[in-house]
Amino acid sequence: MPHLTRRRFNTLLVAGAAIAAVGVPAAHASEPKKIVFLVNGNLGDKSYFDLGALGMNQIKAKYGDAVETKVIEMGTDQTKWLATFQDASEGDWDVIVGCTFEISDIMVEIAPQYPDKTYILIDGVVPFDEGKFGNVYSVTFKQNEGSYLAGILAAGLIADGTIPADWGKSIGFLGGMDIPVINDFLVGYIEGARSVTPDIKVAIAYAGSFNDAAKGKELALAQYRGGTAIGFNVAGLTGLGQLAAAKEAGRLALGVNSDQEAIFKDSDPEMASKVASSMLKKVDVTLLRAFDLYIAGTLPVGQTESIGLKEDAVGLVETGNMATLAKDPLKARIAAAKAGIVDGSITVSSGFVVSQADLNTLRDSVRP
Amino acid sequence: MIRFEHVSKTYPNGTVALSDVGFSVAAGTIHAICGENGAGKSTLMKILSGLELPSAGSISINGEPVRPDSPRAAAALGIGMVHQHFSLIGSLTVTENILLGQEPRRGPFVDRAKARARVLDLAARYSLDVDPDAKLATLSVAAQQKVEILKALSRDTRILILDEPTAVLSPPETEELFRRLVALRESGLTILFISHKLKEVRALAQQVTTLRAGRVSGDAPMSAISDDEIARLVMGEAGTSAIVRPEPQSAEARITVRGLTLRARDANDRLDAIDLAIRPGEILGIAGVDGSGQRGLVKVLTGACQPDAGMIAWDGKSVAGANTGALRRRGLAHLPADRFRDGGSRRLTLTENALAGAHRNYRFGPLLKPRAMIETTRGIIDRFAVRCPGPLAPLGALSGGNAQKIIAAREFGSNPRFLIVDQPTRGIDVAAANFIQDQIVALARSGCAVLLLSADLDELLRLSTRIVVLYAGRIVASLPNDPELTPARLGPFMLGLEVAA
Amino acid sequence: MIDLLGLVPAILRVSTPLILAGLGVHVSSRAGVLNIGIEGMMLAGALAGVVISALTQNAWLGLVAALLAGAVLAALLSVAIHLLRADLVLSGIALNMAALAGTTLALFALTGDKGISSSLPSLTLPMVRLPLIDDIPILGPLLSGHNVLTYAGLLAVPLVAILVNRTPLGLAMRAVGENPEAAAATGVPVLRVQVTALLISGLFAGAAGAFLSMGYVSWFSQNMTAGRGFIALAADVMGFGYAWGTMAAALLLGTTEAITLSLQGFGVPSELLQAIPYLVPVLAMVIHARRRKRREAH
Amino acid sequence: MIRNALAETALTLAIVFVVVALVLVPLAMTQADPVGVVTTFLFGPFKSIRHIGNIIELATPSMFCGLAVALILRAGMFNLGVEGAFFLGGLGTVAAALILPLPGPWLAPAALLAGAVIGSSVCVVPGVLRARYGASELVSSLMLNFAALFIGLYVLNVWLRDPAAGAMVSFKIPADARLPRLIEGTRIHIGVLLALAACGLGALYLFRTAGGFESRIAGANPSFAAHLGLDVARIGLRAQILGGLIAAFGGGIEMLGLYQRFSWQALPGNGWTGVTVAILARDHPALVIPAALFLGWLQVGGDLVARNFDIPNEAVGLMQALLLVTVTAAALTRNPRLLRAFGARSPGAAR
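Protein chains in written order, with this note's numbering: chain H, 1 to 368; chain Y, 1 to 501; chain S, 1 to 298; chain C, 1 to 351.
No lab work stands behind these hints, which were simulated from the structure alone.
Just so it is clear, CB atoms sit at the ideal spot from N, CA and C, and this is done for glycine as well.
Heads up, some of the hints might be wrong.
As the list claims (entries may be wrong) - Each pair of labels, with its calculated beta carbon distance range:
(1) S:79 with C:337: 14 to 22 Å
(2) Y:134 with C:196: 39 to 47 Å
(3) H:68 with C:39: 33 to 41 Å
(4) Y:73 with C:14: 15 to 23 Å
(5) S:79 with C:101: 55 to 63 Å
(6) C:286 with Y:385: 29 to 37 Å
(7) S:141 with C:334: 56 to 64 Å
(8) H:68 with S:5: 17 to 25 Å
(9) H:32 with C:48: 47 to 55 Å
(10) C:210 with Y:480: 41 to 49 Å
(11) Y:480 with S:290: 45 to 53 Å
To be verified - Which bits of chain C does chain S cover? Going by a derived footprint, with three or more residues having C-beta under 8 Å, they are:
(12) 132-140
(13) 329-335
Whole structure, please, built from the sequences with the hints as guidance.
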């Protein structure tokens, strides 16, 4: 598969450049450090499980024989997760990585039992104030900040006339499920869009599934039919259906987590051309960074880091279609918003803390 | 023409069905094969018709050794079989059933017009009239049998096997069938005829072969053998029981039926203003060609469905709206016509089949008492002389006659006040049939009211106190069973040619 | 609110895989084999279509491969139930497990990715513009311009009805499905009829899968059938043994789904909307069963 | 009889070994330690108390669901609602544990009872529709599973969701309501004893009580049951209610035994496993226990191989599917010649 090989090769090149820039840490110890990533699901989600695995590859690429890496898929049966964490903790792994909120409770149970292990928890937290979790490093993403930029882009493309008026005036949001982490994207997205057009309308749909691309396409088509000019998908493999819908309806889409334009650039250039941009959630970068800190002995264990635009952990793809599609004033506006968020002059609400009632009010207020 | 030589059949589970069977069948004759249930008749015919392969031995036709390994191969040899349990498909039409697997085609499709014409042609050739477009499930049993015979004849058949063909027929239908068979023989067909009924064998066959426990026990031209000899060869020693007509023990009817009407979807089940009275100690016989309303009558009397009009009373009190459970609690017992469909379950054990319904009498607290249940069943097995591996064997392991005994034991053992027996001895051997008939009479003598439905007129005439003839859902005759009453007297009523007041 | 002009194509799109798979279930059911493995067969078809169309750069070869993949899995099911005489339901469940694992493995082996085939330049099956009809206002856009498999699915309904009712094979299938012992005694080759029906079922499943990966979207993704095979099983049961009934049931299911999808964003909680497509068929069945019961009572 | 049963078991085990040899060995040859792969799969699950514990944890819900399916199938019904009942039972139990103001020792039993009643509705509704209108319970239960899922998620989202948690999960289950653990170093909880007891009682019910007997009559031959005057519709409904209660109870046990919060976002799949278990057990409640343990072993062994070697868990999944087919393959397990080779007397002799 020539396309893929090329892409992977590029990834390797990037990783290689990173190594050259940072410099391989001097032969650290004779024993390789062992890191394992326990996936509470299956790979192939094109979202942070895959990005996490990519991060593991980058770690391997960077440290070579100085590390031993492994990715274990635990599947979707939740009762097996704790057992797997326990197994890994009993083994000779030095660093154990888990992600999503669901793993938090498991970390709570496991980490205190194995104080000599280091745990990295992505997108979840443990109650550090209890003082039992000196070996856990937790990191959460401010995806609302990245989504804020996505909202500006979507609303901006309509407002400045880049998008023809006859496409419609509303923007779309396609979520996998009506759950907090998805709504964190939604809240930031709406706020960003409102900062451009205060009375912007947002068509919101939840698919109830993360692997049903056909359903995702159908939902997106319904939105496009209803006058949505550009939609934002946060629904894993279901969400990719939105890209197919954008191609069919001749509208625009926004990707999530990874660069969705790049996913289809080789296999379906026409569809890729409909991806205005993607909001990135750089799990790979974060994981690599955490491991760097771990090797350097400066990983801030025992606390939560919440990282966002400031740490470059989330962001918007600004190359590709975005570079040509967005006009300069819009780009400037996005850059300004980014700066504002980084310096704290703009704060974006979080979907984690809003109550269901407030969320409903918010959703009702933007309904087309 | 057909020669069986040293044919044996042992099933994988070790059961020996046939051993060293050898005899010949002459071309152009009707050859009867007699034997008790489980004697091996059906297995032998299954081997001939390609449904099973022999374990040893050989068959030759016209001197050519043959070994049909499928019904198709048998058909190619000119062998057709009419099964006792028809191999017909209810939702297909008569034409589709007859020509299944050998349909005339037009391109990729069935040529319906040609198929229909072929069936009509076939029917005309053998004088067996059928409606080619009727859906099979809507036909009476006799009509279905015609279809089954036509199907067997449809493939250039030279050898026709009939397995108990008269079990489901009324006397006029039987007579008609016999006329057809004789005509078929005259047209050159060889017919193998399996039957329990000596009278029929006598009337039809030129040669008889008797089987006993998987072996040939006799083989003789009909002219050279007496009925008694055949009976002895078939079952060792057993005579036919004498005529019994139990007397009613009270003038008061136990069961009264007035103006009973049922408008069922199936025309064969419909009832039209039926009046009946059955007294304690009396056996009321119901005669009629199949599909004259017998099934509907049984359904209504057993509470399986409610009548559209009319009333049923027990001891003078109406039981309107009572379902089967309620009637059974009042003392209803019912030996159904289809022993495996309604009478029991092949998968359950003999004990479970024998005590189902009465099982609540074997309780200790919330639990059943399995040991007591098994003991009771052992008693039944002994008393009814049931041949079986043991009380925990599944009912499906038993031959038809033995299974019928278990089911009869259950129904008769409930000390019933009203007993409905529907074809109690159909398809079972003479010894078992006599035993069951004796039990029915004994129950009547003990004061039970009995309703007997049977296609076997001999049985009706031997057991019944009175006989009621049904035709098209109506009572056309109600006759005391005196010596003048004969099948010939009943025939016209059954065919609806005559109506008595 | 809901524009009907947009809804009709949506209904057809949502219903197409259900009609195709439903017909597949229908054919095998008529021959007495409940094809629980339809979901797995669809998945295999979806993957095979993508892979072969990418390799050959010919969408039609991809479709053929999808049909064959469905049939190959059907053959495997037949080996399990006929040759090994394993339990029918369990074999179906096992086939679905195996297909999910197998397609993921195959995808990984081919692309290095477990989730999606986006690195394969696979093709899609064409939309068909019906000449003449296309030019009619309103009706044109409704009836014309659908995926070739949508038309194939609709066209297959009478063909299947004819197959089942008018051909020797169909007659044999019905006989075997209703009473295998009687059919065998008549000389109908029961095994061959069931295997043939199952293979046809597999072909339909493969087509349904191909519609998902080469019609709906242009890629294969893990477990992309998302339970449509089970819905197709339901459609067949709701069709009461008729090809037309199966189609009607599939359209009912598809219509409910399409309408609830369009209703999203009107303030009804999404979970409740998602429940509706599963409640409507139950309701429809109850109404039908009640009417039938009442009719039979008379 | 016992001799034949032993031969059957031995033959089944032999089939398992042969399939493992045929599939796993070639896979293992790609690894540095092929012997390790095979022994890990076969014996790894028994090497530590924790992994034995894992088998039992997995088998516990399978026993409840398998028992529920077995009781329903025995009554001649085909209800797939066990999956939804298990899900809703778990949700209902958690909801009750969160809402009921009961003192410690009463909380778990009360919550389980409430969960069982709520969850059983997924089986009961199709049962009622079947009994009253003759609507196919296969289809309605299949559909209602998904309806129950989404309605359950709605309830979770609106009433039970912990806003402090960053995902759609319920509030934490009160410590009082959680089931006590039995063996140190494992998560085996009291639920397994309840599951074993339920299977035992299920066998007792089916084979030693009047109700169970009537249920088997109706399942074996409905016309026969009608002939006896039994109310087939009511018997079927009774089985659906019983099966629904057991499955939903199992869902509650699973929640209170292994989870801290309700966090299922999709149907957990235990009901489907229950169908598999029931078929493996030939619908016999007592055999549900070994069948569930067998599946648990298959899972844990497969997980261990996937985790410790470079073999994708999908490959293991393929082998598990093959095992499921072959251990129910009558052509193998009922083959008289093979059975005799494993010491069975000819079945004919048993007569």
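Point to revise | Violations among the numbered hints | key: 2, 3, 4, 8, 9
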